[in-house]
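Undergrad: What follows is the residue order along each chain.
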Amino acid sequence: MHTVVCMKQVIDPEVPPHLFEIDPEEMKQVRGTHPLVIGQYSEVAIEVALQLKEKTDGKATVLTMGDEDTVESLHQALAMGVDQAIRITDPAFEDADAFGRAHILAAALHKIEDFDVVLCGRQAGDIELGLVGPFLAEELELPCATIIANIDPHNGKVRMRRPVDIGYEILEASPPLLATITNDESNVPRYASVRGMLAARRAEIPVWSADDLGIDTSQLGLSSAQIMMDEIFIPETHVEIEIIGGETGANKARNLVDHLREEGLI
Amino acid sequence: MSILTLCTASSEEIPPVSLEALAAARNLSDQLGGGDVQTLLVGSGVADHASALIHRGADSVFVVDDPKLEDHQAELILGTVEQAVDQLSPDVVVFPHDHLSGGHVAPRLARRLKTGIVTDCTGLEVRDGNIRWLRPVYGGKAVAYMIATGPVQMATMRALAFEPLEPDASREGVVETLDINLDALSAQVPVVDQIVEEDEFAGRSIDRADIIVSGGRGMGDEEGFENVKKLAEALDAAIGGSRPAADSGWVPHSHLVGQTGKIVAPQLYIAIGISGAPQHMSGAGSSKTIVAINKDEDAPIFKAAHVGVVEEWENIIPTLIEELKKE
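In order, the protein sequences belong to chains G and L.
Sequential numbering of the first sequence, starting at 0, is according to numbering that gives the first Met the number 0.
Sequential numbering of the second sequence, starting at 0, is according to numbering that gives the first Met the number 0.
Rather than coming from a laboratory, the hints here were simulated on the basis of the structure.
All residues carry an ideal CB built from backbone N, CA and C; glycine is no exception.
Just so you know, not all the hints are guaranteed correct.
As the list claims (entries may be wrong) - When the alpha-carbon atoms are kept at most 25 Å apart in a straight line, the in silico SDA-like pairs for lysine to any residue are as follows:
{"no.": "1", "chain 1": "G", "residue 1": "K27", "chain 2": "L", "residue 2": "G122"}
{"no.": "2", "chain 1": "L", "residue 1": "K67", "chain 2": "G", "residue 2": "R158"}
{"no.": "3", "chain 1": "L", "residue 1": "K287", "chain 2": "G", "residue 2": "E235"}
Unchecked claim - Chain L side only, calculated, beta carbon under 8 Å to chain G, not exhaustive:
{"no.": "4", "residue": "M145"}
{"no.": "5", "residue": "V190"}
{"no.": "6", "residue": "L267"}
{"no.": "7", "residue": "N314"}
Chain L with its partners taken away, still in its complex shape (with noise of 0.2 Å):
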């Protein structure tokens, strides 16, 4: 049995969610009583990392180290990838859950293989000799196990949802350079242009944020929210936002957490005024700590919180923030 991962890498770095991935793998190999876990590394000037993923878990890397692979464009990956399924016939493959190979290349190839998927699992496991992927449906309403038959067993891995392995410099793998023909591949459909966002959300992003506060619909009006701001200040903390705060344009939808937004899991998660709909706690459930200040004892966000508060929010923040600043 062999299982691939995907890491596509910068020269810089290797993302945490390829990382969470290769745990993942390993914890399937660890499963099934063994099974060797390769990683395909793709990106230009990433060779250097392939011993890294040896020590996080990989047994053996193939690298595809090219310019052309500089920006990630998603039909030259999928196209690497293609050649490279053929080449190695993994019998699992698991992608990271990012918006690049778990989104966009993972489901086509999964069409050219002809072959099942189950995509943005947060969990796995082996019984009677299947593998039974798990994820959150149904808005995060229900969980499901599902099993992808096929040529090859895909599946695509949510960020968070394993660890990364401890780096074991003790760990010996195979490192290989794997020939893959660019030259028949071209963007389809380039990236041409990158706005950054330059506005006093820069810098409080909540992808994997340690403290994260979060204002809803009870913030009243876009002054109200300011509050969220302010007190995501005094903790240095990320600012996020329910879907009524997000279509109210308080927040940039980037910041939103929720099903439609982005799953969050920080160590402290600060709700105010969110009534804590299903639909939004799929999205902060998996925190750490939840503190959730709500004037209302009976809003929905009570059963999930670990931490509650109840009363306005006006009658709160101003000493909350003034008492951080006393330290």
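Extracted from the complex, chain G is given alone in its bound form (with noise of 0.2 Å):
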């Protein structure tokens, strides 16, 4: 099975609170000199399609928008065993919103033809909306299933693991499909590997641009539908905290016990 994995590159996650800063004026984050890592969800959907591969003795090609700066995430999932990498780059594209970023991956997906499970992050690391998967299965037509954390090929079709509250669901679908990726404990992420790594570096990345893909850019995006940040600000969180102390540990776990019960939390 040839899986493809549209990925999304988000500034790292792990830029700790005090660091990260919001442009007003931009109305998203401050890109600074925090690193651009490949979306968690992203990452663990190419650990989902990589475990295909593995199963169907198929194939894994990762698919991602953006500039030069996306090429380090493209040679990461390249030494992480993806066998093909290719980035779409346009600058009509820049600002395409979620309508506008489906309408694009589906042109890239209809260029590669012979796909038989698109995989996409359940929601992006960033605003998070968690639109451009469905949106995608939308455009292309494909039976879509959502947080879906596992895939196994059954008889000529797939069946797939979504957890959900009591445990799991399974769930069952003839290919080409589509499908969102959240994490559970099937699908930690692999390291790239060191050897891996001077591969992809040596690996041709086809590039693609509007015209390569035959989109028109006046066209992108719905004129009738816009999702608009009107507001972006970081809350304030101050919380008074009352410290339990005590001379010993078993003296500040008596003292909690009793300041829980007079609170009348258990």
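Hey, can you piece these two chains together into the complex? The hints should help.
TA: Structure, rendered in structure tokens:
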């Protein structure tokens, strides 16, 4: 099976809060010197794609939109074991919203043509609306499964595992299909090997523009609909903390139980 | 102005998240200075819930009750809602953000309707005639007001963001059956099996729990994490974990609290050996009282906690359990 992962790159989400800044004009996070990384759900999707590649003796491709800054993340995906990386870039794509991004990715998937499974992260690590995956399924008119943790081939179809409150649901569909991926214990992303990283740097990464994809850039996004950021800010979190003291750990434990009982919390 | 909400119910119950979305719609109607709140009630054997939805804030309830909708297959719910929106032409659509409607049906519907949508909202306000939907962004490090434009304004509301309205038996409203053509719809991705978790974690689910005891990297190893489970048992509480605990396999991912796991809001959240990274706090931050037990007094968790104990957990948990058993 050929699996294509639509990867999104984000500013490292591990940036500590005191270094996190918002540009109120641009209404987004200040990039500063923070590294760009593969979004955490994209990384999990790559892991699921690699597992599916191994189970079916298949192939995995990673597809991303972005400028040269994204090459490092594509190298990392290749070093993890992805067979092929493709980068989509065009000045006209820069401000594409979820509708536009889904449209562009759909054009790229039409160009790739021979895919069986398309994977997207369940949401990106920045604005996290979680729209591109379902929008893309609609654009491509593919069966769509969301919040999937694991995919197994099953008699020409696939069976997908979705974590739910009481355990798991198993969903079944026939490829081609699209799934959005969430994390669980079965898909903790593997590390990229040093050897893989060296080989990845030599890999050729095709770059596709709007022309290559046959996209009319004047028609990007939907003129009828918009999703706009109106205001963004870092919330004030000031909590008065009560520190429970005591001579020993045991004393602190007793004082804590007393406190929780007094407050009626237990 | 009309606001449509969605309630996918079973014959036994109305899910709380549907009542919360209904409360959000009522709140929006109040802020707009009036607006008809409609609820689309979907499922099999659900028609009897209509009056309860009116008591909880709906002005009218449109019922689609069909055995084909028994197991809430996404494709059928999507087709049903699409036809309902076509018939009812609402101005605003507010869905609960559960994994079926918020995470799946709502975005696909927005694409079909070619209209804007803001997902997973925790609040809303009307300013200068615009509906501004509030939601956390960047893993909870920031919050944003967003606006969706288009033929229908769509939003999905995070669980627990609004409290369901108290039932008012004197409220009156209209109940109508909606004629939906389900024959053209088929489940493209059917649920073929369910695997129910049957282990020590069963019955200690963090969903809507009153008390959660959570452990993190500081528990050291699987054996250390046993102490979290023992304390949870003593408190008859749910068991949670941070990302390191879940990725290490100490706790199933269904018990993971945080941006990549579940958003919880219990009365009492006890965090042990958890540093309090933003990714975790975006899941636990709405808890009414947060108690942090951590040996590192500089851990960020102490900036978010209401009650703190600076101590190694090894010196605390045995006495805690002993004291709790004393009653």
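Undergrad: Quick one, are K27 (chain G) and G122 (chain L) close enough, alpha carbons at most 25 Å?
TA: Given pair K27 (chain G), G122 (chain L) holds - Cα atoms ~20 Å apart, limit 25 Å.
Undergrad: Hey, does the N314 (chain L) contact hint survive, CB to chain G under 8 Å?
TA: It holds, given that the least Cβ distance between N314 (chain L) and chain G is near 3 Å, below 8 Å.
Undergrad: Should the hint that L267 (chain L) touches chain G count as held when the rule is a Cβ pair under 8 Å?
TA: Cβ of L267 (chain L) sits 5 Å from chain G, so the hint holds.
Undergrad: Against chain G, run the beta carbon of V190 (chain L) and see if the smallest gap drops under 8 Å.
TA: At 5 Å from the nearest chain G Cβ, V190 (chain L) passes the 8 Å test, so the hint holds.
Undergrad: Is the hint on M145 (chain L) kept, meaning its closest Cβ partner in chain G is under 8 Å away?
TA: Holds: closest Cβ of chain G sits about 6 Å from M145 (chain L), inside 8 Å.
Undergrad: Between K287 (chain L) and E235 (chain G), is the straight-line Cα distance small enough, at 25 Å or below?
TA: Roughly 17 Å separates the two Cα atoms, so the pair holds.
Undergrad: Holds or violated: are the alpha carbons of K67 (chain L) and R158 (chain G) at most 25 Å from each other?
TA: With a Cα-Cα distance of about 22 Å, the restraint between K67 (chain L) and R158 (chain G) holds, given a limit of 25 Å.
Checked against the numbered hints given earlier, the structure satisfies every one of them.
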